[in-house]
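Q: For the record, the sequence lines run as chains A and B.
Heads up: the first sequence begins at 1 in the numbering used here, then just goes up one per residue.
Heads up: the second sequence begins at 1 in the numbering used here, then just goes up one per residue.
Hints listed in this document are in silico derivations from the structure and should not be mistaken for laboratory results.
Using N, Cα and C, we set each Cβ at its ideal position, and we do this for glycine too.
A few of these clues could be false.
Unchecked claim - SDA-like mimics (lysine to any residue), calculated; alpha carbons at most 20 Å apart, straight line:
hint	chain 1	residue 1	chain 2	residue 2
1	A	K115	B	P360
2	A	K115	B	R352
3	A	K115	B	Y160
4	A	K115	B	I215
5	B	K159	A	L116
6	B	K159	A	G114
7	A	K115	B	F367
8	B	K159	B	G137
9	A	K115	B	R368
10	B	K159	A	G81
11	A	K115	B	D365
12	A	K115	B	G137
13	B	K159	A	Y290
14	A	K115	B	M292
15	A	K262	A	A208
16	A	K115	B	L138
17	A	K115	B	E374
18	A	K115	B	L340
19	A	K262	A	Y290
20	A	K115	B	L358
21	B	K159	A	A110
22	A	K262	A	A276
To be verified - Which bits of chain B does chain A cover? Going by a derived footprint, with three or more residues having C-beta under 8 Å, they are:
hint	segment
23	168-177
24	276-282
25	369-379
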Amino acid sequence: MTVSTAVPVRLPLGKALNHGLRQAMLDDPRVMLIGEDVGTLGGVFRVTEGLLEEFGASRVINSPLAESSIVGTAIGLALRGFRPVCEIQFDGFIYPAFDQIVSQLAKIRARSGGKLTAPVTIRVPVGGGIGAVEHHSESNEAYFCHTAGLRVVSCASPADAHLMIQQAIACDDPVVFYEPKRRYWDTDDIVLGPPTSGGLGLNQARVAREGDAVTLITYGPTVRTGLDAAAVAASEGHSIEVVDLRSLSPLDLPTLGASVTKTRRAIVVHEAPTFAGLGAEIAATLTEHYFELLEAPVLRVGGYNTPYPPSRAEDLYLPDIDRVLDAIDVVLAY
Amino acid sequence: MLQATRRDGTSGHQQSLGDHRHKDGALVETATVFSRSGTRTGWPEPLRLLRPDGTIDPGSPVRLEVTGELCRQLYRDMLLARRLDQEAYNLQRQGELGLWLSCQGQEAAQVGSIRATRETDWVFPSYREHAVGLVRGLSPGELLSQWRGCSHSGWDPTKYNLHMYSLVLGTQALHATGYAMGVRAERADEVVLAYLGDGATSQGDVSEALNWAVIANVPIIFFCQNNQWAISTPVSAQTGTPLHQRAAGFGLDATYVDGNDVLAVYAVTRDQADRVRSGGVPGFVEALTYRMAGHSTSDDPRRYRDAAEVEAWQLRDPLTRLLAYMEAQDWADPRWGDQLRDEADQLAADTRAACFALPPPLLEDTFRNTLVTETGPLRAERERFTAYRESFL
């Protein structure tokens, strides 16, 4: 069953996710939603709005306020053959579930010698920029990228949100699915319906803007930051390529390699602190593979290596257009 | 301070625990054999049918039609488990297993409970349920594989409806609860049995599981083997209230049973399974037992508990108790005993042979089993590893 629209409709990212979840639930009766306030309220960001009414309480399960329970029971449901989609209400609330994600979910297949699989999707609103109180603005993707057995993805646009959530649910491996919360209200024209053949796969990066002088590698909330910076740089005469990673683990090395082969300069931009973050991994990998053709060191523009600050200081903490433009100037000066 | 935990059996909290009162309605103080493990005076006595001296308690509230056939089956299960356990322990001492966690002393709790399930009922063990595994049909090799370092789990859980061991304490309680949610959603005629120990009850996951299981009213029984020791930590340092009473506080139908009385364990678990199968609230069984060996082959229990305590529990041995009863009933024919001894000898020999026959693990398999869909970077790393390894051949 499909709910495809012949013509694109203009939707915000959060609503695109809602349509994607609905499509996945229509396509597969074993898809279930589990999380805090995902029922009547539709989640604190309304991403599951209307799904309780349409699919009933047996498929849209309001959990007690216990994140370990959300993931732990999802594992049990997956062992029974269901495809649970967990909602962690905010990034900073995921840590009570850390053991269930890292020691249990991620390792079930390897521990069982390939006998068991747990196709669980864990949705996580991520990052800052909305003036939130503490523990509501974190970027913790590096913990999960470091864990073998997990796939980690981040959508950046409404179209990708709609597509990627369906791909994540259909994926037979566990997926940590990051949603850039300050972009929930970004709008886009998207065609509703199940994934069509020929589109990007869940593990593929996307060149969001073509250029030939510098590659900006980014994902999630800072894709728009990168595109905005590239537009300004263009007005200054610099041609910047922006790569939206989409998949954080695994990394799409062919796409990154093709871009860097062209530009010979790369900058990684993310909200997370830079130390031992995804930028460090990408810089190391690009250096290992493309040392001889790089014209400049791979730079990182990210959150500072401090706890996330009070929200009235977050504009200084988060990578912004000016910090990205400064990094572009640095790599172009080599 | 300790006396303050005494329950008079009249509070509302005790209403659901009526089974734990003796027939005269009073709670009886526990025996003094609980020395350093510290089960506190004033805590209730567990349900019991077969007394430690091998006689039936005529006043027991436990209802069970006790037959020679049932006794012989339960005794056989326990004896085979003990024999395998001893052989595995020896293999560890001889350097053939990296670690072994003995289940000696807990055979009645394990055999009585697993025999009360149907083969279609999924079981989520902790990590010491070797008797459960044997009853479910695991081969010695499948049971030993993990402890020899040949796998992280030696059996296919879907073949035996027996999940992998969970070494991170209590995590399986949530998996079992989720699985039971699935059973309920499918309206399947199944019950889920989750094993855990007294130490695991301190884990948040266990409290979360008990709580949500009741809210969702899923078909599950949590079976807690209170063997009184979590490595060196006695249960008195683990909980300030009897574990079955804590479970009752979450809203489960909680039962407290002598875990060394295989007949009572069997009867109590069977009753819980029947009740849960027909839609009743989740069940909790606390089986009071004793871990005769150390936590694992890596610790010396003499460092933290008294010999007198161990000797006292030796007198409550589950096998000795049942055999004494069977002999008094003339249900233990010498020929049956001889056959069983031969069978146990054969199992020990098979266990030893299976241990040596276990194939070493292949790192390539770990690569292949990391994800269902192998990713590009993982494939590249596997191929580099294989080329490196083959460069030595």
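Q: Is K159 (chain B) close enough to A110 (chain A), meaning Cα to Cα at most 20 Å?
A: holds (17 Å)
Q: Within 20 Å, alpha carbon to alpha carbon, are K115 (chain A) and E374 (chain B)?
A: Holds, at about 15 Å.
Q: Assess, step by step, whether the Cα of K159 (chain B) is no farther than 20 Å from the Cα of G137 (chain B), and give holds or violated.
A: Status holds; Cα separation ~9 Å.
Q: Straight-line Cα separation of K159 (chain B) and G114 (chain A) no greater than 20 Å?
A: holds (14 Å)
Q: Taking 20 Å as the top limit, are the C-alpha atoms of K115 (chain A) and F367 (chain B) close enough?
A: Answer holds: K115 (chain A) to F367 (chain B) is near 14 Å, not above 20 Å.
Q: Confirm or reject the coverage of the segment 369-379 of chain B by chain A under the rule of 3 or more residues with a beta carbon closer than 8 Å to the chain's beta carbons.
A: The restraint on the segment 369-379 of chain B holds, since 9 of its residues have a Cβ under 8 Å from chain A and three suffice.
Q: Given the hinted pair K115 (chain A) and M292 (chain B), is their Cα-Cα distance within 20 Å?
A: violated (34 Å)
Q: For the pair supplied as a hint, K159 (chain B) and Y290 (chain A), confirm whether the alpha-carbon distance does not exceed 20 Å.
A: violated (49 Å)
Q: Measure nothing beyond the straight line between the CA atoms of K115 (chain A) and G137 (chain B); if it is 20 Å or shorter, mark the hint as holding.
A: holds (18 Å)
Q: Holds or violated: K262 (chain A) and A208 (chain A), Cα atoms, limit 20 Å.
A: holds (15 Å)
Q: Does K159 (chain B) pair with L116 (chain A) here, judged by a C-alpha cut-off of 20 Å?
A: Holds, at about 11 Å.
Q: Does Y290 (chain A) lie within 20 Å of K262 (chain A) when you go C-alpha to C-alpha?
A: Holds, because 11 Å separates the two Cα atoms, which is no more than 20 Å.
Violated hints, in rising order: 2, 4, 13, 14, 18, 22 and 24; the structure is consistent with all others.
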